[in-house]
Amino acid sequence: MDFLNTHLLSLILFIPAVSALVMLFLPKDEIKLLRWFAFVASLIPFALSVYSWIQFKSDAAGYQFTEQYTWYAAIGSTLHLGLDGLSLTMVLLTTLLTPLAILASFSVTDRVKPYMMLFLFLETGMLGVFMAVDLLIFFVFWEVGLVPMYFLINQWGSANRNYASLKFMIYTMGGSLGLLLGIQLLGALFGSFDLATIISKWNSIQGSLLGYPVETVKAVVFWAFVIAFAIKVPIWPFHTWLPDAHTEAPTAGSMLLAGVLLKLGAYGFLRLVLPLYPDQAHNFAWALALLATAAIVFGAFASYAQTDFKRLVAYSSVNHMGFVVLGIAAAAMASGTADARIALNGAILQMFNHGLSAAGMFFLVGVIYERTHTRNLDEFGGLFPLVPIYGGILLFTSMASLGLPGLNGFVSEFLVVRGSYPLLTPYTAISMLGLLFTGAYILKGIMKVLHGPMNEHWAHGEHKLTEINTREIIVMAPLMALILVIGVWPAWILDVINKAVMHLF
Amino acid sequence: MVFPVLSVIVFTPLVAALIILMIPGHRKTAVRSVALAAATFALLLSLWVYVQYLTQHMSGYQFKEQYSWLPALGISLHFGVDGISAPLVLLTGVVMFTGVLISWGDFNEEKHLSAGIQDRPREFFAFLFILASGVFGVFASLDLFMLFFFYEIAVFPMYLLIVIWGWIQTREYAAMKLTLYLFIGSVIALVGALAMYWTAGQATGVYTFDMLQLEKAGFSASFQNLWFLPVFFGFAVLGGIWPFHNWSPDGHVAAPTAVSMFHAGVLMKLGAFAALRVGIMLLPEGAEHWSWLIMLCAGVAVVYGAFIAFIQTDFKYMVGFSSVSHMGLVMLGFSTLNRNGLTGAGVQMFSHGVMTALFFAVVGMIYDRAHTREIPQLGGMAKVMPFAAIGFIIGGLVSMGMPGFSGFIAEFPIFLGVWQTHWLVAVIASISIIITAAYIMRNIRQVFFGGIPEKFEGHITDITILDKIAISTLCLLMIGIGLFPSLMVPVVQTGVNHILQLLGVA
Amino acid sequence: MFASVAFLSILPESLILILGVILLIVEPFLKEPRRRDLGWLTAGGMLVILIVSILAGRPADPTSTFGNTIRFDWLGFFFEMLFVFGAGMTALLLMDHEKVGGRGEAYVLLLASTIGMCLMASAADLIMLYLAIETTSIPLYVLAGFLLADDRSTESGFKYLLFGAMTSAIMLYGFSLLYGFAGTTNLYALADVIKAGQIAPGVIFGVIVLLIVGLSFKVSVVPFHFWAPDVYEGAPTPVSGFLSTASKAAGFAVIARLFLVAFPHFTVDWTAAFAVLSAVTMTVGNLLALPQKNLKRMLAYSSIAHAGYAMIGIVAYSQAQSGLHNPQLGIASVVFYMAAYIVTNLAAFGVVMAVGRVVGSDDYDAYRGLSRRSPLLGLIMLAAFLSLAGMPPFAGFVAKVVVFAAGIQSGYVWLVIIGILNSIVGVYYYLNVIKYVYLYRLEGEDEEKHPVTLTRPYAVALIVLVLGIILIGTVFAPWYSYSNAAALNLF
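Protein chains in written order, with my numbering: chain A, 1 to 505; chain B, 506 to 1011; chain C, 1012 to 1502.
There's no promise every hint is true.
BS3-like mimics (lysine-lysine), calculated; alpha carbons at most 30 Å apart, straight line [unchecked claim]:
id	chain 1	residue 1	chain 2	residue 2
1	B	K973	B	K960
2	A	K32	B	K960
3	B	K888	A	K167
4	C	K1170	B	K533
5	B	K533	A	K28
Calculated from the structure, these hints are not laboratory results. Everything numeric in this text was worked out from a predicted model, so none of it was measured.
From just these sequences and the hints, can you work out the full model?
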């Protein structure tokens, strides 16, 4: 038990990767074994992160469960892990969604072994970003997560996967190039990558740097960071990789992509951009807010215009993540004020919530796609009578996405809007108009799929639509439960988030 | 008496070459077995040296041996390794071992399969091992004359290896071009070395080629500024520095697989290493004076090499130009003349050596089976040779500088070093990362995934178990260093400390 | 044993003479097909002479004997040993020459010429020198034209005779002028006279020009090289080998002694001339070797080029100031270069001989697939040619480095750079030949059915030579110290 307590984070972090390596030696034809092995392997981190949630002392400032190991002594980088309320929430989300994604992938029959291994590696990559308290380690895991995702899209994706996966890779790597250069600059300046050290030294630096005034350099590096994270979030106009990647990825890949990977970008804003560049963030908050508003509005419009169900859901992510950025912009505008904290609370909760609902939505799209092999909204219609349970679940999840009071989406979006409104009034006002369109496209999706005249094609014969099965319901159950619980009683999670926000900003 | 491990390492391949030459040519298996045994032996010894260096926390020149050779001119057979050369000795052992493994090959007339070296393996391994001896000799030599001696030994077998066993279409041209380039470079450097010899002798009264003495010679600034360029660039030609890189892609492409591995994997390091040891370490002030020029050339090489690699449709040319780009990073690290840059360059030499050896090995395996290297004509190779595909992907990730692999460990400090000198170069050079990612990813997809073209259907076979051993060895090294930098970086750092002392900054 | 210095100073010459007499006596007793065994006798005899001389006849301090006409020192001794070695090897190579091998007089002529060379290396007197040169040359004229039925051989002998006689005459004219003005024929006495300034500089300049012409012919320096390719191509191959190595080395021995001893204080005058000659010789030799398609001609041009490299050492020495650390390095480097060159070039000609005998041609095309027809011969050729190109671990590399080192020490960086550029050209054409040997194949690709067999004398000679190449190229300390001793003994 003592070992568990002192190595909690590294266990959570590396159990998936080690399990993936173990899988290397399992026979590749024992599909069942492989699936269950992967599933169980991903459940352990979930159990451990629940344990850490229980152990977590939300009143304490700073990082908890910290571990530090020598890694790259030559340039002053250590494997330094730690959790605060912000990252704990994200770790919980990640460890929850990964087993569900793996469970959702039980229908995959093609090359199961590498598929499952990639998922486990992906989990380690994502968790590493959330746990890193060292800038270089942050970047290491940031990049490492890309590779499994690339191959998941490229190998198990649908028709246009080559284009989509390369675009995903190049966009993200191109974005992180600025981040890499920025990190290099910081490392070259301070000879250390420890987050706390860097933040304090960087903020106290004066005079000129590299022959330019510090403010100029900081502004440039600020934008380098922002663009890297903005691509990941994604913020309009850097979002164009997203619909392609989401649409082409396999179902479980989309779940994690929307559920967790997008949060990496937002997390980067909170963990790095705001602490490192408070002044720049304040100065450019209007720009962030503008982009966020654009994301909300255009994301909603674009989503409405889609005829592909999965693309519709993909664009909805742009729309929803816009609220996260709006909250962040508000926090950047007036760091430390009560309004800003409210907005930040909303933004972080929105990250969590969107993780739940987007993963659920993508899964549900996947469920119907597996049965009909089409995602074209015009080819559906009136399916509710055929698949009532599925219909119910879809309706429920969509409502969460739409922001129906009583479900989780409402809580977080409300907090964001409430916090931002006094600070960024015009942007927030326009964003609220965007909310209207959110309702519109979600209703459009539901209508096209479930309501209207029934498409007889799916009612009879070989194409007869089958109901959602037990395994799939099990995937959805925890998501729906959380959606409901947070919607009704958000305090258990908001408490952790709020205290983290108090400590941080 | 202490076991003279370095001389044993240096002369093992040579002795093996002689033994191999005495085996009748038609007994190919015997030839290969002897070669494999010798390569394994050399690998184990070099591994032992490296592990000792690492675990005993050694620094400075270790495992020193000195035998008087030509006292009248101050030449001695002086061996020793420091933190820079110990990894390179290990690298040579690894590439030699894997090179022998993949040259063993596989022969099947029905499937038009003639992988590895089937024609005259006796001569092939003999020449290859003479080359290896030269390479080991350069890395281990602490005597300037002997360094040249071994350097040239490492150059000329390359001509034979390429011209005899190379790709039929370009081998004559490429082999001659390569040999002349390298020979020109080395003799120009030789003139500089002789000048150092006399000048140091005049100043100190001790006429010696011993580099440990020459390090302390205290050459005048004007002397250093004059001779640094010929010496550095003379060697750096072999390191593939722009604008003298021209020989390298042609040479890589024309060479048979094991030779490409050796060539890009080890020989280019030989150039870089000699440029460092003779150019920068003996003429530190000259290095400071001219560092801007090296940085310029290296920066161009990094970006330009990546662009050219991007537009290649020949798989092997792609890899060849990527080597130019990556060796540019080594030179970039040198040009910073600071701790980070030099450390990174030292690791990058090892990392790139392993990576590019792996690349060429896989390219060779594919070519031996598909008989084409045109990327657009290939496809679906992962289905028939999954192991090779995984190997190439890992190599590709290293090449992209993906964290978790050795490439990142090497490139990151190089960039840190550049930030500390000319930040703009770092920004410009970073473009290459994106381009590299693009062409690597594109090629992985086109070559290994998708459907197998009809014409290959049925007659493409999987790689042999020996090939797999070779690939796994190389992959393990790259991942090992990527995950645990402390396996290599502290060793390199001890070497860098010494260089910094010579540069007067530490 | 009668061991006076006078006797020791001509020990090798005397022993060779005895060997020659033995040959003449033995020859009539051997039937026609066994005459070839005289080669074994010659080679064996030379080996004995080599051993005896090294054991018993090493010089101590330089001494002059025979009325100051012979100087007994390391310079002479080292060269003598080289000549004896070279002649022994040549005898082995002669044995299986179809038309020459069975004829006793060839071996005797070889010995006679060797005696002349030995005397050239140790002569300290103008008259002795001239006699030695003629003793060397006349048997070689005969040997070059030995194949009476072969027009090219006849032409070769005749051409060699004409050029040789003319340049001998020019040199003799120079000698007589020297004697006329100085009143002495002894080189060391001459040096004193010249140092004392008793001869007008203009005269000395004229004499130097005459001497340069004469000696340049011997060592085939451009522009006195025209005879070389034709003579080498036409003469029996072993004779070409001997001409291009021992004879050339003898020329260098004379140049070293004559110029460096007798004209030390007029260094500037002839140093510049030699530097230019050296540069021109290297360049022209290499450039002309480039387009050749016949291996013997190529080797002829390359041997011209090698004379140029060796002359860098002479230039370096003549310009060496007393302040230099190692002033005698220049001359030591020439001696070393000659040792390496003799071994290497003899091996190259040996290969040409061995292949030409079987294939019947010396064109490059005749070498197609050689490495498959005879892997051993391929390797030997590889070693010899790489040594010529100046690659380690072969003799040529160390030799070149030492010569270049001497050049740089004396400040002749430009000359060294020309030398380097030239050796790059050299690498190109030597490797070009290697390509025929290793890459190109016979038509039909059935090399296994056309093996090139080595007879025993070739095998012995070539293996000894290759071992020599590698030995000089790796364990160079002893050879260098002999060369150094030779250089130190010059005065």
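Margin query: Just to be careful, I want the Cα atoms of K973 (chain B) and K960 (chain B) compared with a cutoff of 30 Å; is the pair within it?
Written below: Roughly 25 Å between the alpha carbons, so the hint for K973 (chain B) and K960 (chain B) holds.
Margin query: For a C-alpha distance cap of 30 Å, please report whether K32 (chain A) and K960 (chain B) respect it.
Written below: Roughly 36 Å separates the two Cα atoms, so the pair is violated.
Margin query: Between the alpha carbons of K1170 (chain C) and K533 (chain B), is the straight-line distance 30 Å or under?
Written below: Since the Cα atoms of K1170 (chain C) and K533 (chain B) sit roughly 52 Å apart, the hinted pair is violated (cutoff 30 Å).
Note to self: Holds or violated: K888 (chain B) and K167 (chain A), Cα atoms, limit 30 Å.
What the structure shows: holds, 24 Å
Next item on the list: Given the hint that K533 (chain B) pairs with K28 (chain A), test it: the Cα-Cα distance must not exceed 30 Å.
Entry: Roughly 37 Å between the alpha carbons, so the hint for K533 (chain B) and K28 (chain A) is violated.
The structure shown violates the earlier hints numbered 2, 4 and 5.
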